[in-house]
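Trainee: Sequence:
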Amino acid sequence: MATSTLPTPAPLLHSIVLDWYREHARDLPWRTEQATPWAVMVSEFMLQQTPVKRVLPVWALWLERWPTPAALAAEPAGEAVRAWGRLGYPRRALRLHAAASAIVERHGGLVPEDHAQLLALPGVGEYTAAAVASFAFKQRHAVLDTNVRRVLARAVGGVEYPANATTAAERKLAAELLPQAPEVAAEWAVGVMELGALVCTARSPECGGCPLFEQCAWQRAGCPPHQGPPRRGQTYEGTDRQVRGKLLAVLRAQHGPVRRGQLDVVWPDEIQRARALDGLVSDGLVEPLADGHYQLPR
DNA sequence: AACCCGTGGGG
DNA sequence: TCCCCAAGGGT
Numbered sequence: 001m002a003t004s005t006l007p008t009p010a011p012l013l014h015s016i017v018l019d020w021y022r023e024h025a026r027d028l029p030w031r032t033e034q035a036t037p038w039a040v041m042v043s044e045f046m047l048q049q050t051p052v053k054r055v056l057p058v059w060a061l062w063l064e065r066w067p068t069p070a071a072l073a074a075e076p077a078g079e080a081v082r083a084w085g086r087l088g089y090p091r092r093a094l095r096l097h098a099a100a101s102a103i104v105e106r107h108g109g110l111v112p113e114d115h116a117q118l119l120a121l122p123g124v125g126e127y128t129a130a131a132v133a134s135f136a137f138k139q140r141h142a143v144l145d146t147n148v149r150r151v152l153a154r155a156v157g158g159v160e161y162p163a164n165a166t167t168a169a170e171r172k173l174a175a176e177l178l179p180q181a182p183e184v185a186a187e188w189a190v191g192v193m194e195l196g197a198l199v200c201t202a203r204s205p206e207c208g209g210c211p212l213f214e215q216c217a218w219q220r221a222g223c224p225p226h227q228g229p230p231r232r233g234q235t236y237e238g239t240d241r242q243v244r245g246k247l248l249a250v251l252r253a254q255h256g257p258v259r260r261g262q263l264d265v266v267w268p269d270e271i272q273r274a275r276a277l278d279g280l281v282s283d284g285l286v287e288p289l290a291d292g293h294y295q296l297p298r
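Note that the UniProt record's numbering has the first sequence beginning at 1, numbered continuously upward.
Just so you know, the hints here were simulated from the structure itself, not pulled from any lab data.
By construction, the Cβ of each residue, glycine as well, lies at the ideal position given by its N, Cα and C atoms.
One or more hints might be untrue.
Unchecked claim - Derived Cβ-Cβ restraints for the label pairs, each shown as a range: (1) Glu-176 with Gly-208: 27 to 33 Å; (2) Glu-176 with Pro-225: 23 to 29 Å; (3) Pro-182 with Pro-225: 36 to 42 Å; (4) Ala-168 with Leu-61: 37 to 43 Å; (5) Phe-213 with Ala-70: 43 to 49 Å; (6) Gln-234 with Leu-56: 23 to 29 Å; (7) Thr-32 with Arg-171: 26 to 32 Å; (8) Phe-213 with Val-52: 23 to 29 Å; (9) Arg-171 with Ala-70: 33 to 39 Å; (10) Val-184 with Gly-238: 47 to 53 Å; (11) Gly-109 with Arg-26: 27 to 33 Å.
As the list claims (entries may be wrong) - Straight-line Cα separation of at most 16 Å, EDC-like style, residue types lysine to aspartate or glutamate; simulated pairs: (12) Lys-138 with Glu-183; (13) Lys-246 with Glu-270; (14) Lys-246 with Asp-269; (15) Lys-53 with Asp-27; (16) Lys-246 with Asp-264; (17) Lys-246 with Asp-291; (18) Lys-172 with Glu-126.
Based on the provided sequences and hints, a complete structural model is requested.
Mentor: Structure (structure tokens):
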């Protein structure tokens, strides 16, 4: 029996999390009634590895300028990269632009409701497809992001952190925990995520204020510290990523073509600088011109 | 599967 | 200060 692995009956977990969410949820603009599926999708792209606080202002400007996929698709990809600003991982801007184009071409300009069609869009992976289907269309999907994985690892698994990569066991557990009614499942999904974001945080969880304190397997086990392989921190200083960031910052600030010399000054190592620029070009983030100039893609 | 991809804030 | 990590996706 699958549910026998749960220390707490699922319906109890549901009511606890839903009650907590209804009282403590942040009122984020992409959660309002008037938020369109496109607005939800834009938020999900921006929230991939970028904190809510930094996303908020960019999201608002973005939707004011491009309220529909067609509006974004009608502009050069470089405008999306520019408007992305300093959210980080600018390939997401490129993919969001490509997703908008695909939505116009394949789906008549409307964000598709079907999970498989969402998953087929550029930049939409397992998490984002489930998130859009759940949050925008109130469907029943397991939404497994870093917050949910951490909550389940602790509350059910009894460990401090989940594995580095999502496992089949996690997917199975998340599917088992889904409430049957789609609307309830959708609220459960966002509720667990919110709990992970506000209470069951990675660094210093506020277990004293956690609604799941009494049923938490990690608490029962005495909050044992993380055991497995170290969660590798990603170095940044001196990497190609840093160089790419500096190069792209120059191109974002300038509206027309940029001379090669303006790019050369951002990084002393010529080899690495060239490699980073080549990478940006091959990624489609930068367009080389014939006369030694560069610009954001058109 | 492991690695690459930006940026900034909080503990 | 320094380090961790933040609603991941693609290869």
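Trainee: Take the hints in turn and mark each one as holding or not.
Mentor: Hints and how they fare:
no.	hint	verdict
1	Glu-176 with Gly-208: 27 to 33 Å	28 Å, holds
2	Glu-176 with Pro-225: 23 to 29 Å	27 Å, holds
3	Pro-182 with Pro-225: 36 to 42 Å	38 Å, holds
4	Ala-168 with Leu-61: 37 to 43 Å	40 Å, holds
5	Phe-213 with Ala-70: 43 to 49 Å	48 Å, holds
6	Gln-234 with Leu-56: 23 to 29 Å	25 Å, holds
7	Thr-32 with Arg-171: 26 to 32 Å	30 Å, holds
8	Phe-213 with Val-52: 23 to 29 Å	24 Å, holds
9	Arg-171 with Ala-70: 33 to 39 Å	34 Å, holds
10	Val-184 with Gly-238: 47 to 53 Å	49 Å, holds
11	Gly-109 with Arg-26: 27 to 33 Å	30 Å, holds
12	Lys-138 with Glu-183	5 Å, holds
13	Lys-246 with Glu-270	14 Å, holds
14	Lys-246 with Asp-269	13 Å, holds
15	Lys-53 with Asp-27	12 Å, holds
16	Lys-246 with Asp-264	10 Å, holds
17	Lys-246 with Asp-291	22 Å, violated
18	Lys-172 with Glu-126	14 Å, holds
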